[in-house]
Amino acid sequence: MADIADLYRDHHGWLLNWLSGRLRCRENAADVAQDTFVRLIGKSDQLSLNQPRSYLVTIARGLAIDLVRRRAVEQAYLDVLAQTLAVVTSSEEDRAVFIETLARIEAVLRELPDRARKAFLMSRLDGLGHREIAAALQVSLSTVEKDIAKALRCCYHARHGG
Amino acid sequence: MSEDPSDPPEDVVDQAIAWMVRMQSGEMTDEERAKLDVWRAADLNHETAWLRLVEIEGDFSGIAPEDRETARKTLDLARKRNNRRDTLKMLAGGVASGGLLWGASQTPTARRFMADYATTVGEQNRVLLGGAEIRLNTDTILDVDRAARRVRLRRGEINVAVTGGGVLSTETEHGLFSATDARFVLRNLGEAGRIAVIQGTATLSPRRQPQAVIEATSGDSFYVTHDDAAPARLFERMDPDAWLEGLLVVRRMRLGEVVGELNRYRSGLIRVAPGVAPLEVSGVYRLDAVDEALGALEAQLPVRVARYTRFLTTIGPI
Chain A
0 MADIADLYRD HHGWLLNWLS GRLRCRENAA DVAQDTFVRL IGKSDQLSLN
50 QPRSYLVTIA RGLAIDLVRR RAVEQAYLDV LAQTLAVVTS SEEDRAVFIE
100 TLARIEAVLR ELPDRARKAF LMSRLDGLGH REIAAALQVS LSTVEKDIAK
150 ALRCCYHARH GG
Chain B
0 MSEDPSDPPE DVVDQAIAWM VRMQSGEMTD EERAKLDVWR AADLNHETAW
50 LRLVEIEGDF SGIAPEDRET ARKTLDLARK RNNRRDTLKM LAGGVASGGL
100 LWGASQTPTA RRFMADYATT VGEQNRVLLG GAEIRLNTDT ILDVDRAARR
150 VRLRRGEINV AVTGGGVLST ETEHGLFSAT DARFVLRNLG EAGRIAVIQG
200 TATLSPRRQP QAVIEATSGD SFYVTHDDAA PARLFERMDP DAWLEGLLVV
250 RRMRLGEVVG ELNRYRSGLI RVAPGVAPLE VSGVYRLDAV DEALGALEAQ
300 LPVRVARYTR FLTTIGPI
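Chains as they are written, first to last, in numbering that gives the first Met the number 0: chain A, 0 to 161; chain B, 0 to 317.
Keep in mind that the hints are not guaranteed to be accurate.
[Stated by the list, open to error] In silico lysine to any residue, SDA-like type, Cα no more than 20 Å apart, as pairs:
no. : chain 1 : residue 1 : chain 2 : residue 2
1   : A       : 117       : A       : 102
2   : A       : 145       : B       : 72
3   : B       : 72        : A       : 78
4   : A       : 117       : B       : 57
5   : A       : 117       : B       : 17
[Unchecked claim] Partner residues aside, some chain B positions facing chain A, computed with beta carbon under 10 Å:
no. : residue
6   : 13
7   : 52
8   : 66
9   : 140
10  : 308
These are calculated hints, taken from the structure and not from any lab test.
Don't be surprised by glycine CBs; every beta carbon is placed ideally from N, CA and C.
Isolated chain A (complex conformation) (with noise of 0.2 Å):
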């Protein structure tokens, strides 16, 4: 069975190259290099796999993908902000926790269809009722709860698995 050490010294080199490949930045990729290795921490009985170069990558593309996405919901939120030229206001920290809270919308609903994910920010963010909804998508009622109702269990999925 492989020591974890034995795994970084023979493809920590290889898979940072594989994601500075895919993520065109080699900060970005050494992070998530970094963080790849800490995942295997403890999981000693995966690392005999007859295959660790793609069991590495698994994780790492996971992990990137994160990355990325998060990255973008950053840059959307500078974008937006751009855009009302409003005086930035609060403190660095409250946004950061703004971010942090977008990220984690963004993340659960990164499944769901168009429709049902409009409707269900129409009801959390914009706090129409889901008549109103009806009313604006042109669709039933009953198809708006329904929507509704598949965005709360891919929340719900997406925090507790399953």
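Assemble chain B onto chain A, guided by the hints.
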């Protein structure tokens, strides 16, 4: 977490969701509210599922009303971008994938011959291709088909110097740019391709008008879209290849455009207030010291540079 035996069964989760939908509908009656309380108290699984949903709602209720519009716009923009993000497509592609797709018509065999080159923000790179040298500027993705002497600029900017070995074809999604003995700079602007010929002669044609070939010689620059080509008059405003020396050289260029150029070499957003964006400036700036360049602009123009975070810098009137 999915295997945790303390997880409520699926039908209980569905019931909890039905209650939450009802509660958030804006039409829940007191009688229904009382029934919900009874349901929650009836079983520990009911309460667990319910509290997990309440926790999810907390992300939304925690956003202050005045921030909700920003939240909504940010989420929509992030989703739109993520849906078409090459990086995510590449990551999803798997280990065996050779990288970027060239186009739908490409056979897997042909794709094997292709190597991908990429630079990150602030980085440059060089590719040699029998008689041609291609330099990649910051944040660039290039597909190279060595056998066909063809390269595709998917993103960013390249300097192409071709002196022998036959025709070298370069392309963006907008059009084709070819030369046998020339040096030119090609940039993919997203909405158009832009070529600036430094030496010799290159030909170009929009992708949907392949017969409309234009010959461009030293000092010429063109924008090329899928259907059209138009002069870009780039040399009047800047030295298109100064980045090879690590410099930005501009002549009476608008501040908004200058900052747009500088912003390519460093991550984070530099926002220029509309009031000062049209101010014209001439100068030479180092690309590896963007903050220094911003300081120089501040000294040259009636503007003030403010740094909020490492992601956001603004330039506004004094």
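Checked hints:
1. A/117 <-> A/102: holds (17 Å)
2. A/145 <-> B/72: violated (24 Å)
3. B/72 <-> A/78: Holds: residue 72 of chain B and residue 78 of chain A sit about 10 Å apart, inside 20 Å.
4. A/117 <-> B/57: holds (19 Å)
5. A/117 <-> B/17: This hinted pair holds, its Cα atoms lying about 19 Å apart.
6. 13: holds (8 Å)
7. 52: holds (6 Å)
8. 66: holds (7 Å)
9. 140: Since the shortest Cβ distance to chain A is 7 Å, the answer is holds.
10. 308: Status holds, d = 6 Å.
Checked against the numbered hints given earlier, the structure breaks only hint 2 and satisfies all the rest.
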